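Asks: Sequence:
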Amino acid sequence: MTENQRATEFAVYCIENVAVRLGCSGHDVFLELQRTDGIRSFLYPSYPALHTQGKDYIVDEVLEYIYRHNPDFRPGKASEEVQL
Numbered sequence: 016m017t018e019n020q021r022a023t024e025f026a027v028y029c030i031e032n033v034a035v036r037l038g039c040s041g042h043d044v045f046l047e048l049q050r051t052d053g054i055r056s057f058l059y060p061s062y063p064a065l066h067t068q069g070k071d072y073i074v075d076e077v078l079e080y081i082y083r084h085n086p087d088f089r090p091g092k093a094s095e096e097v098q099l
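Start counting at 1 in the sequence shown, then tack on 15, and there's your number in our numbering.
FYI, nobody ran anything at the bench for these hints, they're computed from the structure.
Simulated DEER-style distance windows between Cβ atoms: (1) 19 / 68: 14 to 22 Å; (2) 20 / 89: 28 to 36 Å; (3) 56 / 31: 18 to 26 Å; (4) 21 / 87: 26 to 34 Å.
Just so we're clear, the structure is a prediction, and the values are computed from it rather than from any experiment.
Beta carbons are placed, not taken as given, at the ideal position from N, Cα and C, and that holds for glycine.
Could you build the full structure based on these sequences and the hints that come with them?
Replies: And the structure:
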């Protein structure tokens, strides 16, 4: 598996575990991270350091990123659909 594939797998892991913590769908979390460019500008670059941490720490870091970029984020209330 390439480094990029591992980072992608890590991003999915992050999204799904944040969704579990918030009690929402992974799609809601994905849309918010896409809207704020969080996958490309936060999850991928953070992979080398974050993937060595525990799940709770990782989820806390992702939530901190989300709320820093959108303090009003509420799952299921995406402000706009992101074109894939």
